[in-house]
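Colleague: Residue numbers (numbering that gives the first Met the number 0), protein chains in the order written: chain A, 0 to 350; chain B, 0 to 350; chain C, 0 to 350; chain D, 0 to 350.
Treat the hints with care, as some may be off.
No copy is singled out in the list; a pair is fine if it fits within one copy or between any two copies.
With a straight-line cut-off of 30 Å between C-alpha atoms, the simulated DSS-like cross-links for lysine-lysine are [unchecked claim]: (1) K209 x K109; (2) K209 x K281; (3) K109 x K5; (4) K109 x K273; (5) K273 x K5; (6) K7 x K209; (7) K109 x K281; (8) K5 x K281; (9) K5 x K209.
None of these hints come from the bench; they were simulated from the model.
Protein chains: 4
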Amino acid sequence: MASHDKVKVAVLGASGYSGIEAVRLLAAHPFLEMSVLTSEHYAGREVAEVFRHLAGIDLPPFEELRTDLLSGRAEVVISCLPERVGPNIIAELLNCGMKVIDLSADFRLKDAAAYRQAYGVEHPAPHLLGSAVYGLSEFNRRELREARLVANPGCYPTGALLGILPLIRRDLVDPSSIIIDAKSGTTGARRQAAIEQLFAEVNENFRPYKVGNHRHTPEIEQEIGTTLGREVATMFVPHLLPVTRGILTSIFVRPRSGTTEEDVRATFEMSFAKSRFVRILKPGVLPELKNVRATNFCEIAFVLERRSQTLCVITAIDNLGKGAAGQAVQNLNLMLGYDEAAGLLTPAPVP
Amino acid sequence: MASHDKVKVAVLGASGYSGIEAVRLLAAHPFLEMSVLTSEHYAGREVAEVFRHLAGIDLPPFEELRTDLLSGRAEVVISCLPERVGPNIIAELLNCGMKVIDLSADFRLKDAAAYRQAYGVEHPAPHLLGSAVYGLSEFNRRELREARLVANPGCYPTGALLGILPLIRRDLVDPSSIIIDAKSGTTGARRQAAIEQLFAEVNENFRPYKVGNHRHTPEIEQEIGTTLGREVATMFVPHLLPVTRGILTSIFVRPRSGTTEEDVRATFEMSFAKSRFVRILKPGVLPELKNVRATNFCEIAFVLERRSQTLCVITAIDNLGKGAAGQAVQNLNLMLGYDEAAGLLTPAPVP
Amino acid sequence: MASHDKVKVAVLGASGYSGIEAVRLLAAHPFLEMSVLTSEHYAGREVAEVFRHLAGIDLPPFEELRTDLLSGRAEVVISCLPERVGPNIIAELLNCGMKVIDLSADFRLKDAAAYRQAYGVEHPAPHLLGSAVYGLSEFNRRELREARLVANPGCYPTGALLGILPLIRRDLVDPSSIIIDAKSGTTGARRQAAIEQLFAEVNENFRPYKVGNHRHTPEIEQEIGTTLGREVATMFVPHLLPVTRGILTSIFVRPRSGTTEEDVRATFEMSFAKSRFVRILKPGVLPELKNVRATNFCEIAFVLERRSQTLCVITAIDNLGKGAAGQAVQNLNLMLGYDEAAGLLTPAPVP
Amino acid sequence: MASHDKVKVAVLGASGYSGIEAVRLLAAHPFLEMSVLTSEHYAGREVAEVFRHLAGIDLPPFEELRTDLLSGRAEVVISCLPERVGPNIIAELLNCGMKVIDLSADFRLKDAAAYRQAYGVEHPAPHLLGSAVYGLSEFNRRELREARLVANPGCYPTGALLGILPLIRRDLVDPSSIIIDAKSGTTGARRQAAIEQLFAEVNENFRPYKVGNHRHTPEIEQEIGTTLGREVATMFVPHLLPVTRGILTSIFVRPRSGTTEEDVRATFEMSFAKSRFVRILKPGVLPELKNVRATNFCEIAFVLERRSQTLCVITAIDNLGKGAAGQAVQNLNLMLGYDEAAGLLTPAPVP
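The task is simple: from the sequences and hints, build the whole structure.
Modeller: Listed below in C-alpha cells is the structure:
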C-alpha cells in the first residue's frame, strides 16, 4: 500500500512506555502511518535519537502538543497523556472530527461521581462519558466499530475481565465472591523518575501495593456490574513483579453448584471463538508471561478445585500490549474497519 | 565460648540450597560448631573450593554420608536429604541417640496414608511419625524443647500458616474459605540441573504451577485442621518468581461476621508477642521480600476489605531462611535450650 | 506471495535457543516457508505445544532428523545441530543438492589442524572446509551469494569482528595489540540442563570464564589474520551477564600514530555504508543491549583516547540475532538473491 | 562489651545506599555504636520505619545535619554526604576533635587543580587535602592508624587498584599500557530518582558509559602514579550491570619481558599476605560477584596470556562493601586500633 493511501495517526504523549510501544506497533502496521508524535519532554528531537531501537524507521520528530496544529494532520489519535491532562484536548480533537482512543482512565468510568471518588477531582469533560466506548475489544466489537471515542481499558482490568466476564455472562459463578490477585511488571507505572522504581529497589524484590484500594477496582467492578446488571464488590490485590513487562492475574471465585469443568471450558471457548488474541490453554497447561511478552495475546487457563469449591482462572497479558498499546491498535483496527489483528500478529521474542 | 564447649552439628546433604544456607547460618552461631558435612556430589572436597563465599571459615570437608561413621561425631543432625532418602538414615541416627531436624517432607504428615497419597509410596519409617514434632517454631515451642525428631515445615506452609493459624485459633474467619496465592523464588526448587530452571527460562517470566495439587497442600491443611479440630480444604496456588530467594503469600479468607480490624490486629500481636522473628506491620504498610532476604524474619500485614467481605493476610519470608535453614536453626536452638534467636539476628542485606 | 511460491527451508535442531529463534524469524519471512523442523527431544510434538509463543503460526511438527527423508522437502537447510554432530549430515544434504547454513563451529576454521586443536578431535568432513564460506554477511556478500555451504559465525566473533575488521583493513591500528572484553547473555550457551546456568546461579552474579582460552579465539584470529595477511594473536575474555540475550564487546587496540577520530569514523561509515543492520553511533553515544535485542542489528561506537593512546571500539548485538539465527537468515537472503534485510527489520521490543 | 564502653559513631547522609550499608555493618560491630544518623530526606523518622530490614536494632532516629549539635555526641564520623556538600562540615568536625572518614571524592585527589578539572569547581577546603589519608586499607595501614581524616576510595578505584598496584610496585608490568574494563551494579549511583536508573531501563540491558572520561580515572591514575613515582595515563571504561551490587574489573596490561606467572602469583600473595579480605584465587578459578556480595571481601585472579603478551587481572568486590561502607568500617577499625576485620567477616549470602 502506498504511503499516501495510509490512514494518518497521531500519538500524543508518545515518549512514555505506552506511547513508544504504540509507535513500535504502528511502525509495523500495513494500513496506518504516524503523522504526529507529541512529547512534552523530547519536543524537537528525532525519535531515533531518544529511542534508538526505532532507528531506520521513517517517523516524524517529537513535537509539542498543540491541538490547533493537529487539525487536518491526522484522522485518528491515540492519546497516551496522563490522567486529567487529556479530556479537554480530546474534546477539541473530537470537535475537529478526529477519532480518539484514550489510554488514560479518564473515560473508563461511566459515572462522573465514581470518577470523582477514585481520582479526587471533578471530571473535566463529563459530557463525553456517555459516548465513550469501553475498549475491551473482545466484548465490544460492535460498539467499537462505530465509536468516535474509545476508553482503552486499564492493564489490570484487561487481565481480570478477560478471565471473569465470560463466567459472569453465563452465570457459572457467584459474583459476590470474586478475588483478584494480580502481578504486574514495572512498566505498568509511568516512565518517570521515582525512587521506588529504581532497579535496586525492584530487583530481587516482590511486593503488594494498594491492597483493596487500587484505582482499577471501580473499573473492574463497573464492567462486571454492567454484565451482571447489578453492583458488585471485588477484592483486588496488585503486586509489583521484578520484570519489565507482563501481568499475570489469578482470579478466585466460587462456582455455582452444578458448574462443571466442561461448562467453564465451553464458555471460554465460545466467548473467544472469534478472538485471535486469546489462547484458551489445554487442561494441565498454565499461562506464562514470556509467551505473551511484547504482543497483544492473552493466555487463559482455569482449574476447578472440587475440594475447596474454588474456581481459579489465570490470565497472562503484556501490560503494554493487550493491556495498553496493543489493545489500542486492535481497537483502532475495529474503528477503521480493518481486520482486528492487522499489524499485531508478531510472535513474542522467546527466550 | 571455646570451640570444645560448642555443640557438634552434622549437616547431611549440605551442598544443596538449604544445606549450604544451614552451613552459612551455623558458621555464625555462638554455641554450635559443624563437625560433619555430607554431600554426595562433592564428597572429598573442601567446602570453600565449591562455595567460595565460605572461604576463611573453619569447616570440615564434604564427605560421603555413612551413618556408621557419624556416631559420636555429632549431637544433633540437620538433614537436608531429599524426600524418601532420609527416613531410614534418620531412624538409625535417632537410635544412636542423636537429635534430628529433617528439612524434607518425610515426617511432616502425621498420617502415613496421606503421605502415600501425596508422594505415591509407602512411608519408609511410619513408626516415627508419631513422635516427630512439626517444627513451626512460633506455635510449637514447648514440644520442640523436648523433641528428638523435628519435621521442619515446608517453605510454602511456613509462609501460609504464620498468616492463617492465629485467625483460626481465635475463630475470626471461616475456615472453609481459605485461598492461598503464593509466589516463590527459584531456590524453592532443589539445586539440580533442569531446563525449566535455567536463567533464560525464569528471567523476565512469571508463572503458576501445580495449581490446586501441590504437595504442600496436605501439609497446610493438616496444620489448619489440627488447630481447628476438623478437616479443612484450602485452595493453594504457587507461582515461580524471577528472584533467587523469598516467598510472598497472600491469604484470602472470609471473616466471621463481627470480626473487626482491631480483633485481627490484636490476635496477630498476641500470637507473636514473644516472637522476635515475626514483624506485624503497621496499618498501611505491606510486606516486601527484600526486608526478609537471607534472614529468619517474617513480615505480616493484613487488610480487612469491608465491601467484598474479604480479609487478606500477606506474609513475606525467605524460603531458605524462615522457610528452611533459618527455621531449622531456630528449632535447634529450642531443642538445645538456647535463646531461639541465637545466631539468627543478622539484618537482611538491603539493597 | 502464495505459499507454493515460497522457498522451502528445513531447520535442524530447531528446539534449541538458536533453532527456535530461526523458526520465529522465518515465520515472519515474506519469501520463505518452513517445511521441516527437526528436534531430537520433541520429535512428534507440535511446535506450539512446546513453544507456545509460536501458537497460531502454521508450522510442521517437530520430527526426528533422518537425512533420507529430507530429500526433496527443502531447498535450503539451517543446521542448528551441536558441534561434531552436523558435518556428515551436512555432507549428505549438499550431495542431494541442498544449500546449507551451519550455525555450529564445524566449518568456521579453514584449517583442519586448528579444528583439532580447538575441539580435540579430527574434523569429520575436512573436504568441505575449502568451499565453506564464512558467513559474516557484511564482509562476504559476494561469496555468500554463490555459496552452497555457509559457516555462520560464532556470536562472540560476530560482535568482535564487526568492530575490528574495518580498522584492520585500513591499517588504522596495531594488530598485535588487540584485546577483546566481551559480555554475553545466557542464551549463548545451549538450552540444556546445567547447574551453573540455573537462575539462582546466574541472577545477581557476573563472572568471566575461559579467560584467554575460549574456543572462539582461533575463529576471531583467523578472520583478522586473513584480512591482515598474516597471523595474529589476540586476548579474548568472555563474561556471563545476567540477561537472556545480547553481547556487548569492548575492543581495545593501539591506534597507528597519526590515526585520527575522523579516520576511524570515516572507515566505519564506509565499511558499513550498505549495511542496514549496522548502526554507527554519533560521537558521545554508546551501544546498549536493549536496542538490538531480538533483532539482527549491531550498534557500534568508538572512543579514541589520546592520553593513553587507546582506541576503544564497542559493539552490541543480540547473540541469537546477529550472533546466530538473524545472521543465518541474512545469509540465506543473500544465498537466495533476496534483499538481505527481508524479514529482519522488526524493531527491538523496548522496554 | 557494655554499650557505654562502645565508641560512638555518627553517620552523615545515612539514608543513601552507602550510608544505610554503613548502618547495617555498624549494627553488627562489637566495639562501635551509632549515636547520630543524619538524613536530609527522612529527618525525624525512625530508621526502621524507612528501612524495615533494620527493625529490631536499637538505633537513633534520622535527624537533620547540624554540626553544632554533633559536638560531643560522636568520636568518629562516617560521612556519606555527596561531593562538595561535605568539606566545610568535615572541616568543622575535625576542628571539634572528631575523626572523619569521607566516602565522597572530595579528599581523594591530592591536587586541588586536578579536583577543579574533574569536578569543575574549586575545592571547598584545599587546606585539608594534605593531611587526608587515602583509605585503600591494604596499602596504607600505617597512615590510616594515625589518620584523622580518611578519604575513602571510590568503588571503581578500589576494584582497579587492588588488582594493579602490587604489579606496579614490583615493576612486573608496563604502566603505560593499563586498560581497565569495569562493570558495576546499579548502587554505584546514588539513591535518587532518575529515569535511566528505573528498573525497566536497566533490566535486560547492559551498557558502557563515560568511556575514557569517568571521574574516577584521575583517582586511579593518582594512586598508580604515586606508587610509580611518575604520571601515568590509563584507559578506563565503566559499564552498568543489571545487578544491585558488585563490581567486576578486568585489567589488561603488558607484562615486562621476563615476567612469569610465578612472579605475578608471588607478588599478589605477598602483597596481601596479611589481608583477610583479599582472596587470591587458585589457577583456573575466576572471580564472581556473588562470592563477595554484601561483604568487604575482594576476589583476585589473573591470567598471563603468552600468545598476545597480555596479563589480565580480574577483581570482584561489592561496590557498597569493599567499595564503600565496608572499607570505611575497615578503615575505622584501623584508626581506632581494632582488628581491621572487626564486624566484617559475615560471609556473603549465597545463593
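Colleague: So, for every hint listed, does it hold in this structure?
Modeller: Evaluated hints:
In the homo-oligomer, the alpha carbons of K209 and K109 lie at most 30 Å apart inside one protomer (23 Å), although the nearest pairing across protomers, at 39 Å, exceeds that limit. When the C-alpha separation of K209 and K281 is checked against a cutoff of 30 Å, the pair qualifies only between copies, where the shortest distance is 14 Å, while the shortest distance within a copy is 33 Å. Proximity of K109 and K5 under a CA criterion of 30 Å is satisfied in neither setting, with 33 Å inside one chain copy and 51 Å between copies. Taking the shortest Cα distances, K109 and K273 sit within 30 Å of each other inside one copy (27 Å), while across copies they are farther apart (51 Å).
In this assembly of identical chains, the alpha carbons of K273 and K5 lie at most 30 Å apart whether taken from the same copy (26 Å) or from different copies (28 Å). Taking the shortest Cα distances, K7 and K209 never come within 30 Å of each other, neither inside one copy (39 Å) nor across copies (40 Å). With identical chains, the CA atoms of K109 and K281 are never at most 30 Å apart, being 36 Å at best within one copy and 35 Å at best between copies. In this assembly of identical chains, K5 and K281 lie within 30 Å of each other by CA distance neither inside one copy nor across copies; the values are 39 Å within and 32 Å between.
For the identical chains of this complex, K5 and K209 are neighbours neither inside a copy (43 Å) nor across copies (43 Å), given an alpha-carbon limit of 30 Å.
Hint check: violations occur at hints 3, 6, 7, 8 and 9; the rest are consistent with the structure.
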